[in-house]
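Student: Chain residues, written in single-letter form:
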Amino acid sequence: MLRIEGLSVSYGAVEALKDVSLEVPPGRVTAVIGANGAGKSTLMRTLAGLEKPKSGRVLFNEEDITGGKPEDIVRKGIALVPEGRSTIPDLTVEENLKLGGMWRTHAQRGTSLTRVYSLFPVLGERRHLGADTLSGGERQQLAIGRALMTGPQALLLDEPSLGLAPLIVTQILELVSQMAKDSGLAVLLVEQNAATALRVAKTGIVLNLGQIVKSGPAHDIAQDEELRHAYLGY
Amino acid sequence: MIDFIDYLLGGVSSGAIIALMALALVLVWRSTRVVNFAQIGQAMFTTYVALTIRELTGSWFLALIVAMAAGLVLGVLVHFLVIRPVKRLDTSGAIIATFGVLIALEALAAMVWGGDPEAFPPPIENAGYELFGRIWPFSPYDLLVLVSVVILVLALSVVFTRTNVGLAMRASAFNPEVARLSGVRVNRMLVLGWAIAGLVGAVAGVLVAPLSTLSPTSFDIFLVFAFTAAVIGGLDSLVGAVAFGIGTGLVIALVSGYSDSSNAPLVALALLILNLLFKPEGVFSHHKARAV
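Top line first, the protein sequences correspond to chains A and B. Note that my numbering gives residue 46 to position 46 of the first sequence, counting from 1, and the numbers run on in steps of one. Note that my numbering gives residue 172 to position 172 of the second sequence, counting from 1, and the numbers run on in steps of one.
Take the hints with a grain of salt, since some may be wrong.
What the hints assert, rightly or not - Just a few of them, taken from the derived set where beta-carbon distance is under 8 Å, the chain A residues facing chain B: (1) Ala48; (2) Glu51; (3) Leu80; (4) Gly100; (5) Thr150.
To be verified - Covered by chain A, according to a simulated footprint, are these stretches of chain B (three or more residues, beta-carbon under 8 Å): (6) 18–29; (7) 166–174.
Everything labelled a hint here was simulated from the structure, so no lab data went into it. In this text, a Cβ means the ideal position worked out from N, Cα and C, and glycines have one as well.
With these hints in hand, go ahead and build the complete structure from the sequences.
Tutor: Now the structure itself:
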């Protein structure tokens with residue numbers, strides 16, 4: 001569904017990503033793990049159109065979307081939940097959700113909104129409150145909910161565990177992996193918290209200094225002691 | 001005491017107009033982080049357009065509508081021709097460039113319509129109402145100004161809080177990156193901000209013209225008052241702009257009444273300095289602090 005071929009991204013002289021190729025199939029979670037500065041966020045931001053690649057291609061349903069604008073890429077069906085719970089505190093919970101997918105029909109948006117409220121009941125309860133009244137975990141749910149409002153086929157989650165209690169992280173990630181299974185959503189999950197990410201993922205990819213050093217079944221990566229010590233630091 | 005009430009009443013309509021100008025400044029600031037000092041020049045220019053239409057057709061209302069359309073177009077033109085190219089190079093450069101636009105518009109207006117003050121009479125009676133055996137400094141025209149401003153502010157608040165496009169504009173102002181990731185075409189929202197600001201400024205110009213005279217520079221003083229109101233309100237708050245616009249109008253009316261109208265700009269400046277000293281982020285701002 002989402003295929004990345006030989007992607008390289010630079011910030012000035014610094015190469016953040018070097019020749020990265022990977023595939024994100026539908027119906028499951030693919031996890032990219034690696035230490036701080038491995039290039040995980042750069043990968044996500046490039047896929048979403050926020051950074052322009054130096055070389056390489058991004059293919060979505062066989063269509064070349066390399067270098068597209070964020071507002072066009074999300075319309076094609078790739079939604080990014082950026083790092084740091086990207087909700088807008090000045091808007092209400094429901095306004096944050098309604099921001100997603102304005103180009104869609106009224107009926108489509110209504111269906112998505114109902115679905116988001118059934119996935120995350122707490123958002124429904126607080127729909128008219130300001131987003132600034134939510135807890136960290138609720139704000140992460142809101143950010144994911146806004147991405148779902150765009151009716152995505154591929155969901156990109158950038159470091160959803162950041163600053164959240166482990167129990168809440170597990171809950172959110174299990175919900176996401178269930179969603180992938182149920183609706184055929186392709187999920188690309190980027191995490192520093194490797195153990196949790198690999199538990200919900202089918203495939204694991206280890207990124208180090210902008211390059212893929214290992215990829216394979218998530219279970220095998222989680223068991224690989226040497227890999228853990230070398231790149232993941234636990 | 002009766003003086004006090006008289007002065008306040010006399011300040012209501014100019015306060016409402018200052019609120020509109022402040023609103024225009026805030027709309028532009030929210031969309032592009034530029035203080036548009038040309039806003040008053042755009043309003044002056046569209047008021048001359050209104051004057052021409054009025055002389056041709058005799059209709060004040062038609063003149064107002066044409067001025068609003070002209071304000072919308074002029075706002076978009078200033079954004080595309082000056083602000084966008086300059087801002088690509090330097091943000092503070094864009095603010096300086098708005099002064100350039102102001103001077104250019106004033107020169108252009110002087111070339112087209114001449115530099116002498118023109119009368120822009122009110123469309124309805126501007127003598128105060130008579131009630132309880134005395135004449136109050138509040139006229140049918142003041143009432144028209146007040147009603148027009150209230151209608152416009154209510155319409156804008158409905159657009160901003162109840163429509164998709166309003167939500168998209170607010171989100172683009174608060175967090176452009178999240179707005180883009182949600183599918184909002186943020187650049188279009190910026191243009192729309194300039195367009196609406198141009199329209200609001202045009203209404204302010206047509207409404208204020210009968211209270212002063214119309215010359216290429218006769219509105220400039222309103223920029224000082226509107227800027228003061230917008231900054232005290234927090235620069236990004238629509239509610240703040242309206243509240244402090246009216247407040248500034250009332251303060252100026254009191255200062256002019258008790259001393260002399262030439263002191264009004266000094267008082268506005270003093271308010272601005274006090275605000276920057278004690279509450280630099282503005283009273284209604286969404287942001288914690290602003291560097292001065």
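Student: Is the shortest C-beta separation between Glu51/A and chain B less than 8 Å?
Tutor: Hint on Glu51/A: violated, closest Cβ of chain B at ~12 Å, above 8 Å.
Student: Closer than 8 Å, Cβ to Cβ, for at least three residues: run that test on the region 18–29 of chain B against chain A and report holds or violated.
Tutor: Not satisfied, violated; 0 residues make the cut.
Student: Given Leu80/A as an interface hint, is the shortest Cβ-Cβ distance to chain B below 8 Å?
Tutor: Interface hint status for Leu80/A: holds (5 Å vs cutoff 8 Å).
Student: Go through the hint on Thr150/A and say holds or violated, using the shortest Cβ distance to chain B against 8 Å.
Tutor: holds, 6 Å
Student: Is the listed coverage of the region 166–174 of chain B by chain A valid when you require three or more residues with a beta carbon under 8 Å from a beta carbon of that chain?
Tutor: holds (count 5)
Student: Would the hint on Gly100/A stand, with a C-beta cut-off of 8 Å toward chain B?
Tutor: holds, 5 Å
Student: Let me know if the C-beta of Ala48/A comes in closer than 8 Å to any C-beta of chain B, holds or violated.
Tutor: Since chain B brings a Cβ to about 6 Å from Ala48/A, closer than 8 Å, the hint holds.
Consistency with the previously given hints fails for numbers 2 and 6, ordered from lowest to highest.
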